[in-house]
Structure formats: C-alpha cells, structure tokens
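Protein chains: 4
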Amino acid sequence: MTPFASLLNQYKAIFFDAYGVLKNAHGLIPGVDQTIGRLVESQTPFYVLTNDASRSPDELAESYARLGLPQITAHCIVSSGMLAREYLQLKVNHGTVAYLGTPTSAHYIENADLHALPIRDVDLDNAADITALVLLDDEGFDWNTDLNKTVNLLRRRNIPVIVANTDATYPVAGSQVAVAIGAVADMLERIVGKQFIRFGKPDAQLFMFAYDLLRERMPITKSDILMVGDTLKSDILGGNKFGFDTALVLTGNTPAQDVDLRIQATGIIPTYVCESAAV
Amino acid sequence: MTPFASLLNQYKAIFFDAYGVLKNAHGLIPGVDQTIGRLVESQTPFYVLTNDASRSPDELAESYARLGLPQITAHCIVSSGMLAREYLQLKVNHGTVAYLGTPTSAHYIENADLHALPIRDVDLDNAADITALVLLDDEGFDWNTDLNKTVNLLRRRNIPVIVANTDATYPVAGSQVAVAIGAVADMLERIVGKQFIRFGKPDAQLFMFAYDLLRERMPITKSDILMVGDTLKSDILGGNKFGFDTALVLTGNTPAQDVDLRIQATGIIPTYVCESAAV
Amino acid sequence: MTPFASLLNQYKAIFFDAYGVLKNAHGLIPGVDQTIGRLVESQTPFYVLTNDASRSPDELAESYARLGLPQITAHCIVSSGMLAREYLQLKVNHGTVAYLGTPTSAHYIENADLHALPIRDVDLDNAADITALVLLDDEGFDWNTDLNKTVNLLRRRNIPVIVANTDATYPVAGSQVAVAIGAVADMLERIVGKQFIRFGKPDAQLFMFAYDLLRERMPITKSDILMVGDTLKSDILGGNKFGFDTALVLTGNTPAQDVDLRIQATGIIPTYVCESAAV
Amino acid sequence: MTPFASLLNQYKAIFFDAYGVLKNAHGLIPGVDQTIGRLVESQTPFYVLTNDASRSPDELAESYARLGLPQITAHCIVSSGMLAREYLQLKVNHGTVAYLGTPTSAHYIENADLHALPIRDVDLDNAADITALVLLDDEGFDWNTDLNKTVNLLRRRNIPVIVANTDATYPVAGSQVAVAIGAVADMLERIVGKQFIRFGKPDAQLFMFAYDLLRERMPITKSDILMVGDTLKSDILGGNKFGFDTALVLTGNTPAQDVDLRIQATGIIPTYVCESAAV
Numbered sequence: 001m002t003p004f005a006s007l008l009n010q011y012k013a014i015f016f017d018a019y020g021v022l023k024n025a026h027g028l029i030p031g032v033d034q035t036i037g038r039l040v041e042s043q044t045p046f047y048v049l050t051n052d053a054s055r056s057p058d059e060l061a062e063s064y065a066r067l068g069l070p071q072i073t074a075h076c077i078v079s080s081g082m083l084a085r086e087y088l089q090l091k092v093n094h095g096t097v098a099y100l101g102t103p104t105s106a107h108y109i110e111n112a113d114l115h116a117l118p119i120r121d122v123d124l125d126n127a128a129d130i131t132a133l134v135l136l137d138d139e140g141f142d143w144n145t146d147l148n149k150t151v152n153l154l155r156r157r158n159i160p161v162i163v164a165n166t167d168a169t170y171p172v173a174g175s176q177v178a179v180a181i182g183a184v185a186d187m188l189e190r191i192v193g194k195q196f197i198r199f200g201k202p203d204a205q206l207f208m209f210a211y212d213l214l215r216e217r218m219p220i221t222k223s224d225i226l227m228v229g230d231t232l233k234s235d236i237l238g239g240n241k242f243g244f245d246t247a248l249v250l251t252g253n254t255p256a257q258d259v260d261l262r263i264q265a266t267g268i269i270p271t272y273v274c275e276s277a278a279v
Numbered sequence: 001m002t003p004f005a006s007l008l009n010q011y012k013a014i015f016f017d018a019y020g021v022l023k024n025a026h027g028l029i030p031g032v033d034q035t036i037g038r039l040v041e042s043q044t045p046f047y048v049l050t051n052d053a054s055r056s057p058d059e060l061a062e063s064y065a066r067l068g069l070p071q072i073t074a075h076c077i078v079s080s081g082m083l084a085r086e087y088l089q090l091k092v093n094h095g096t097v098a099y100l101g102t103p104t105s106a107h108y109i110e111n112a113d114l115h116a117l118p119i120r121d122v123d124l125d126n127a128a129d130i131t132a133l134v135l136l137d138d139e140g141f142d143w144n145t146d147l148n149k150t151v152n153l154l155r156r157r158n159i160p161v162i163v164a165n166t167d168a169t170y171p172v173a174g175s176q177v178a179v180a181i182g183a184v185a186d187m188l189e190r191i192v193g194k195q196f197i198r199f200g201k202p203d204a205q206l207f208m209f210a211y212d213l214l215r216e217r218m219p220i221t222k223s224d225i226l227m228v229g230d231t232l233k234s235d236i237l238g239g240n241k242f243g244f245d246t247a248l249v250l251t252g253n254t255p256a257q258d259v260d261l262r263i264q265a266t267g268i269i270p271t272y273v274c275e276s277a278a279v
Numbered sequence: 001m002t003p004f005a006s007l008l009n010q011y012k013a014i015f016f017d018a019y020g021v022l023k024n025a026h027g028l029i030p031g032v033d034q035t036i037g038r039l040v041e042s043q044t045p046f047y048v049l050t051n052d053a054s055r056s057p058d059e060l061a062e063s064y065a066r067l068g069l070p071q072i073t074a075h076c077i078v079s080s081g082m083l084a085r086e087y088l089q090l091k092v093n094h095g096t097v098a099y100l101g102t103p104t105s106a107h108y109i110e111n112a113d114l115h116a117l118p119i120r121d122v123d124l125d126n127a128a129d130i131t132a133l134v135l136l137d138d139e140g141f142d143w144n145t146d147l148n149k150t151v152n153l154l155r156r157r158n159i160p161v162i163v164a165n166t167d168a169t170y171p172v173a174g175s176q177v178a179v180a181i182g183a184v185a186d187m188l189e190r191i192v193g194k195q196f197i198r199f200g201k202p203d204a205q206l207f208m209f210a211y212d213l214l215r216e217r218m219p220i221t222k223s224d225i226l227m228v229g230d231t232l233k234s235d236i237l238g239g240n241k242f243g244f245d246t247a248l249v250l251t252g253n254t255p256a257q258d259v260d261l262r263i264q265a266t267g268i269i270p271t272y273v274c275e276s277a278a279v
Numbered sequence: 001m002t003p004f005a006s007l008l009n010q011y012k013a014i015f016f017d018a019y020g021v022l023k024n025a026h027g028l029i030p031g032v033d034q035t036i037g038r039l040v041e042s043q044t045p046f047y048v049l050t051n052d053a054s055r056s057p058d059e060l061a062e063s064y065a066r067l068g069l070p071q072i073t074a075h076c077i078v079s080s081g082m083l084a085r086e087y088l089q090l091k092v093n094h095g096t097v098a099y100l101g102t103p104t105s106a107h108y109i110e111n112a113d114l115h116a117l118p119i120r121d122v123d124l125d126n127a128a129d130i131t132a133l134v135l136l137d138d139e140g141f142d143w144n145t146d147l148n149k150t151v152n153l154l155r156r157r158n159i160p161v162i163v164a165n166t167d168a169t170y171p172v173a174g175s176q177v178a179v180a181i182g183a184v185a186d187m188l189e190r191i192v193g194k195q196f197i198r199f200g201k202p203d204a205q206l207f208m209f210a211y212d213l214l215r216e217r218m219p220i221t222k223s224d225i226l227m228v229g230d231t232l233k234s235d236i237l238g239g240n241k242f243g244f245d246t247a248l249v250l251t252g253n254t255p256a257q258d259v260d261l262r263i264q265a266t267g268i269i270p271t272y273v274c275e276s277a278a279v
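Chains as they are written, first to last, in this note's numbering: chain A, 1 to 279; chain B, 1 to 279; chain C, 1 to 279; chain D, 1 to 279.
Hint data in this document are derived by calculation from the structure and do not stem from the laboratory.
If you're wondering where the values come from, they're calculated on a predicted model, not measured in any experiment.
Be a bit skeptical, because a hint or two may be false.
For identical chains, the list gives no copy identity; a pair is met inside one copy or between any two copies.
Unchecked claim - Distance condition first, Cα-Cα at most 30 Å in a straight line; then the derived DSSO-like pairs of lysine-lysine:
#, residue 1, residue 2
1, Lys-149, Lys-222
2, Lys-194, Lys-23
3, Lys-12, Lys-149
4, Lys-23, Lys-149
5, Lys-194, Lys-222
6, Lys-12, Lys-23
7, Lys-233, Lys-23
8, Lys-23, Lys-222
9, Lys-12, Lys-233
Between the sequences and the hints, there should be enough to build the whole structure, so can you do that?
If you want it as structure tokens, here you go:
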C-alpha cells in the first residue's frame, strides 16, 4: 500500500478517473480537494478522464465547482463524449444523427454541427437521411419501445453506430448500481450482428486524447504520467497498456478486502495500490 | 429442395417449431392446416416445440384454435416455459419467485405451487424470501427501472436465475422484430457475472421433454422423428445435435435467397430444405 | 458441509463425475472404494459421467479395475465419446470421418461403423468423401501442422464438426494442467466461424443418456438422483439444470478455501457441499 | 468502385496494410510498385502498418527490397511488435521476459534491453524472475508442450501477458491459411481467465504510433490521411475509428464478389472501395 502523497512528486502530470476517485454518490471523496489544491499550487497539470457522454465538459466542470472543486475546469476534462464528437466531425459530417440519450447529451452531436434526432422521433419509413447512430446515455428514452426501434433502424440502414460510454454499470445512491448505455450497446450489437465503434477507457483513444492535449502544453513522455483509477479493467488496464504508470485507489469499485484477489484473478497489475487519492 | 409432402410418410412423428413454420404475423402459413389435417388423419403424432414462456400451453392452444387449427391441443405443445416450471418444481419448491414478464407468464411459477412476485414489487431490503428469479417475457415490466432493480437484487441475493426463452428477438408486424427476453437475459448475465440457467432450443432439454412425452405414447427411436424449423441456429442445430433428422423451411427467419449462404457460413446443415411445411 | 455418508440413503441412484471425485493423478481418492462398495452392497445403481473420449468404456473400466475398483464396469460408464458415437450413427452413417485424437479414441468412430481417418492422413485436394470431423483427444496429432490442416479442411468442406469433450483443461501430475481438446475446439470454431456440435457436461445430453440407461433398469424420477462432482460449471451447473440434486466435493477442482467465494461469484449453487465422496 | 489513382492527390499521407495490399503469397501485388514510386516522387509520406511481430522492421524492409521495393525502408514500417517493445520498455524494464515465437521475433524483447527466454527453457519451479510473457509468433515452439507450459506458468505467476499480433490467421501458399498467434492468445486467455494486453489493428495504438511518427515530420491532421487495407475488421474498422478515411482493396481477404455482403453484414463501412492499390 503506497501513500498517495508520495507519488505526487514522482510524476509530471496526473490523470484521474472521476467516479470512485474524485467523487461518489455522497459528494467529494474526502481529501481529494487537498490533492487538487496541491497540484494547482505546484503547477502540475492534471486531467480527468471519464467514460461519460451524458453531459458536456462545461456541465461536468460546473458539477465539480458545485462540489467545491472549481479548479477542475472544462479544459481539464476529457470525456468519451468528446471522442464521439471528434468521430462525427471527421467521419460523418453531414445528415441527421439519431441518438439514445438525454437532450443534454445530444450536445456532443450538435457541437459537431450535425442535426441530432432522438430515436423516438425517427421515422423508420423515411430514414434515408440518418447517417449515424450515437449511444450517449442510459436516460432520456423509453427502453422498451426505443430499443426495439433502434434494432429495426439498424436492420434497415447500414450506418456507423458510435458508443460514447463503454461502462456496463454506474453507481447510484446506497450501494446500488444502474445499467449504463455500454451494456445496452453490447446487447444491441449482438442482436444486429454488426460492429459498433466504442469510445472510452480502457481503449487507448481516450488516453491518447488527453496525452495529446498535454503534449501541446509541455514536452512530456508517457513515463512522466500517472493514471489514477478505482477500476482495474478500465482505468488500470487502459493506463498500463498505453504505457503510463498506474495507481489503483480503494474508494470506488475495488474494495480493500478484494484487491489482492482481483489483481490475481484478472492479471491486471497496477504499479501502485493506494487507499485513496487524498494527500 | 425437397417437397415437404414427400417427408411425411418417412417419419413416425413430426416436431414443429411454431413461429415461421406454422404461423407468422399475418396468421397461419398457407397450407399448414392441410399438413396438420393429414397428420391427424394418419394418426401420426406431432408436437409443437416453442421457445415461448409468455403464455400457458392452454392459451397457446387456444391461439391455434382461433387460427383454425383446433387439432393443436395443449397436449401437443412443449414450451420452454414448461421446462422452467419443471426446474422450479424439482429444484426450488419453496419461497417466493421473482419474475420479469406478464402476469400471464407467471402461470409457469404459480403452476409449480410457488408464490410469484413481479420484480417491481420486490423489496430489496427484505428479499431474503426470494428463492429464485425467472425471466419469462419481454412485456409486463418497465425495462429501465425493473432491469436496474433486477441487477441490484442479483448483487444481494445469490439465487438461481432461470431464463425461459433463449431467443434474442421475435418477429412483429411488417418485417420488424422486437427484442426478446433472451437478449435481455444475456445483458443481465454479463453485468452480474453469474451463470444463468437457460431453457429453449437449441438446448437438448426441450427436445428431450417432447421425446419423453412421445415415448410414453409409443415405442419410437430418434431416427423416426423429423424436426421442422425455420431457424438454423435453434431448430436445426438443436434437432441435429439431439439426433433427429431436420427440415429447414423458408417461411420464416431464413429467406430463400440466403439459405445456401447461411448453411455454408454457419456449418449448420439440415437434412432437408423445403419451401414450406405445406403439403 | 454435509457428510457424504448421510446422503447415500436419501437417493435411489448416484451419478459421479470421475476425475477429482473418484480418482486423481495419484490414484483413487481415499475412501471412495468404500463408497462404491456400499452402493454395490445396497444394490444402489450408480453411473460415472465423464467428459472423456480418449478411451472406450471398456478401457475406462479397466483403469478402475487396476485402481482396485472392479465394480465400476463398462456398463456404469457414460462418456461424452458415447454421445459422439450416437451422433455419428444417427446423423452421419456413411463416408470417412476425419479426427483429431489418438488411434484409441478413434474407437468411437469405428464403433459407429464408419471409416476413421486421422487429420494428418487427409488429402485436402481429395476430401469429398470426408463427411464429418470429430475432435476426440488432445493427443495423437501434431498441434501445429494438424490444426492448420483442420482449419483448411473446414474452409473447403461444409461438414458437421463434433466435439467429444467440452473441457478446457485436465489435471496432470503435480498441480499442473494440460490444455484439453475442448479449448482447442473453441479456438478452431472462432477461426472458421462455424457452429460445432459439443457433447459433455454441463450439456443436458450426457445427463439424459445416463438417466435413460437408468430408467430402462428401474422406475425412477429426477428427484431420486444425486449428481456428485468437483466442478461447479460442468457437474453442478449441468446436474442442477437437468433437475438433479447436486453434491459438490472438495477433492478436485474446487479447493475448500475457495468454495464459498466461487459459489457466490458464479451463482452456481450445489444442493450440498461435502468434503469428499468417501463414507 | 473508386480508382485508387484518383485518391493519391486527395491525401497528404497514405497508410498501407502489408499483406493483401502490397504483397501476397506470390510476391508483390501487381502495380503497387508504381504506387510506391509515385508517392516517393511526389514526396508524399507513407507508412506500412502491420500486425507482425515475427521480424524486426529492418528484416521486414529487407523483404520488401527483395521484392523490388527498396523505397519501403525500416523507417516506413510500424509493426505491432514495436508496440510490444514500447510496452516492455515503459512498463517491464527488468528481469527475464518469457516468449512464444522464433529467436528472430525475440528481437523485440532484446531491443528493449531485457533478457528473452523461450518458454521451452523456462523452469516452472524457478520462475520468480520471469516478469512478463510475450506472444510474438506462431512458429519457433512446440505447440503442445510449450502451450501447456505457458498455461502452467500463468497459473503460478501473475505477470503481464503481451500479445504482439492480434490476427487469428494469416495466408500461406495456395488459398490456405495458418493459425496465427492471435488465435492462440485468445485460447490461452480464456483458459487462464486473465486479461492479456493486445497490440495490433484494429486497436487505436498502432494507428497512433504511425500518426505520431508522421506528426514529427510535418504538420498534419487525421483528415489528411488515408488508410488502405484489405480487411474490414482490422484495417478499415481501426482506421475509421481513429478518424482516418479508409480505402478497402480487393486483393486480399475481401473478394470482389463478397464485398457488398460483408460491408452490410459487419456494418464496417470504408470510405472507398478500390480494386487494388495499383495506380
């Protein structure tokens, strides 16, 4: 078990997962405000890497401000929704993009200068102008009718399907979880038998997006960066594979009593295990 | 392409899939009433093997009567729901069984002398009396709230989960499909990481159930029986593996123009290919 | 933890897994000879259900005789190879059957009155007479050249592929394991993209085969039978699903210190947990 | 169908897959020498992106020189083996690295200043100094004994496993294929139940490696780059996801008569379809 404070001086930049590392259902994880404070003070750059396409970076930053962390600005946040937006800009760039998610999440489509249409408003008999489908959030649609409609749209139109959050569940109040759009995407993909395009940890592209932003600010190499996360198979696996050192914290998905067992069972080995990201 | 009529005399008993073989969204498949008529006339036993737990055998038989096939009685029908019921009788036999499905589908639980409780009425904080969960039908519950509740129930209680329909989709009006409870079950199973117990074609147990019923009526061997279906990976794969000869009909899931390609692609080889089950 | 002796009187018949229950790499599991002796004495029928197609039932029986258990005769043994043989008899019944395995394992093909040809002797340019492929054993062939040849045969010929052992590994001396033909089959199936036909626990068909043999001897129902095994996901899952009561013993794949964790993690719940099958 | 020549002027850089695009079992694909010639002449940068860890970039370049393409130097080649090497340098950096592959492929380990040890020479009872395992090539080891040994090593030592080629098969003479180390890796991963670290298309990291090399040479954005490949699910899926335009050529894995069907079936949609990469 490594004290998190001892790591801060060893790296030139820190990448954090959001949920289970900086915050949870009850608010801020105790002590992380001091960690962020120390990073700001020492002018150590940091980024928050999140599998979240339900809100824009501005809205995500506002939520941190409300929790007492105004230092986490929109410029510090890299969301899987931003990768979806980049894909739409580079690869779709015309027509109407159907989506599953809230109107708020549709920001990532509109921000790519595309017309966003909720699945519920798609006319299956006049769907020729639909150029892509994006799965953004598990809220904002009727799971039964709109998922059936999605399957039928994908049987008629051979269009790219972008999944902007690869997580299977996310924590809600108490110790409960909710099914995330990533699990719904897996179900739809198997049903229609097509290959969806997924963005989010552990995939390298989210790490690369943040790494590129950082390299524009300063000369840095992969070994200068520490990825901090609470989940072995997204944060740690993805960070390891990308070439970063990794710190597993025990304030979220990985409880202290299970940590050895899970590292052994999965073969996903963090560089460090820390009680939390507090200093 | 083999004329279906030429097969009737070659076998002592015929097993039919229901949807896409005997009926479809528009009613009876043309000509199958004559096939059933001829079987009744020649006293050739037949069974309908269906991955359907939404209705009791009595209700399924009534639906055939309404379509003009009163010869298909409840005694001719073997549904995957009947296997779920047998499991509950043999292996659960006490307590309250939670379910996803319509009140009609809960017949299979109540018929096993167990208390059936829709997931929506489960109290997660007082769930100690829940002894099993059964996934019966894709209707009768709220997909968002009740699936989330199901995941949380299975995180708290280590109970057997029975899936009474293994299909991923089922046909509805037009050429559209709807997501079936089998696909939902796959999603839930991956989320909770546990092993569910599945009943339905292509699994051997449904074929065995019908074969046992038949053997009680007459001496017969597997080579005396023809399985007729429209779907390679449930009807034909399951029939082949069980040791039956199999006939693929082109009135449902396998369109005539795709049949060669799909047999080649899947390696699932029916004994015969017939235009339909009409004579 | 239930004493195994207390179960013997509660059931009219006992089904045993072989490896890890009756024997292991060092010989007989201590005390199982007395269990078998008591069953013989009380005229309680028993069967050994094994995912093994490497040897004929006669040879398997001889191996028990050599270990001091001559009461386990060939008539007590139900192997997955016997299901492969039944499939070949019912569904192939002509031509040449290619195989991966030892000459000894080819018994199951020859016993079905078919010509058995090791993959190494197949001529890919004259393979029209090959009517099926059977994966019998992990020994008896060159893994590199013969697996490559198998892939190329299946790209040319659309024939049924029968897997006569679904296990991924089997124990060898010390605490080591070896890769079994079931894992090789999974690899080949994914490469060629076709659907193989698998026989062995946890699939219902092996349980049914033994259950049918028993029903020919005496009137019995599923609730009269206890399945005893050391592996949750084959013996216990399969036994449960078929409707038998199940006893997990801790002398093989499931060590005592892991049993609670594994039952919790998999959701596969045995009726009883016993230290061993000794009385 | 787009003439490949018409694309050359539209992009500032071209990325090629190797096998099935530039060469095949018979040598160079006709006309690609002129394509490479024209790129060199117009000073258009190009890279060859290959899922190949069997040979070093120098050896790969020599093989192109022998085929008459000396313009494809080692600096133009990005192999999945180079990603494995980067991982070893950044994340392992001490101890002995066990491997499956030829001595030639072990170059990627030795080049990272690590001691490379073929699995055959590993002593399972003294394996504490083994810090990682790398799967490099399907040749150079005994598939039966060395794969069994690999499974037992991974049961004893919880170490990162790096897969330096994600392909399942590769073409050999005639129309035959051979099983590649990627398929073997999938089998081993399922057996040991651990998470391996895979490098190769369609994963973003190989594209990023080449994109980074290119960005060091000139200012360029993703939309300036065309990825050319013969395989939908590696070259085209990966190129699309990374944000490149993509051209599918019909000189390798995707035959002309299947192209529409496969694009429809997979939902992987290239920007262009071209007969070949010849001009």
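Verification of the hints:
1. For the homomeric pair Lys-149 and Lys-222, neither the shortest alpha-carbon distance inside one copy (44 Å) nor that between copies (34 Å) is at most 30 Å.
2. For the homomeric pair Lys-194 and Lys-23, the shortest alpha-carbon distance between copies (29 Å) is at most 30 Å, but the shortest distance inside one copy (36 Å) is not.
3. Proximity of Lys-12 to Lys-149 under the C-alpha cut-off of 30 Å is found in neither arrangement, the shortest distances being 48 Å within a copy and 41 Å between copies.
4. For a Cα distance limit of 30 Å, the shortest separation of Lys-23 from Lys-149 across copies, 23 Å, qualifies, whereas the shortest one inside one copy, 35 Å, does not.
5. Only between protomers do Lys-194 and Lys-222 lie at most 30 Å apart by alpha-carbon distance; the minimum there is 25 Å, versus 34 Å within a single protomer.
6. Taking the shortest alpha-carbon separations for Lys-12 and Lys-23, only the intra-copy value of 23 Å comes in at or below 30 Å, while the best inter-copy value is 44 Å.
7. For the homomeric pair Lys-233 and Lys-23, the shortest alpha-carbon distance inside one copy (19 Å) is at most 30 Å, but the shortest distance between copies (38 Å) is not.
8. For the identical chains of this complex, Lys-23 and Lys-222 are intra-copy neighbours only, at 26 Å inside a copy versus 35 Å across copies, given an alpha-carbon limit of 30 Å.
9. In this assembly of identical chains, the alpha carbons of Lys-12 and Lys-233 lie at most 30 Å apart only when taken from the same copy (24 Å versus 37 Å across copies).
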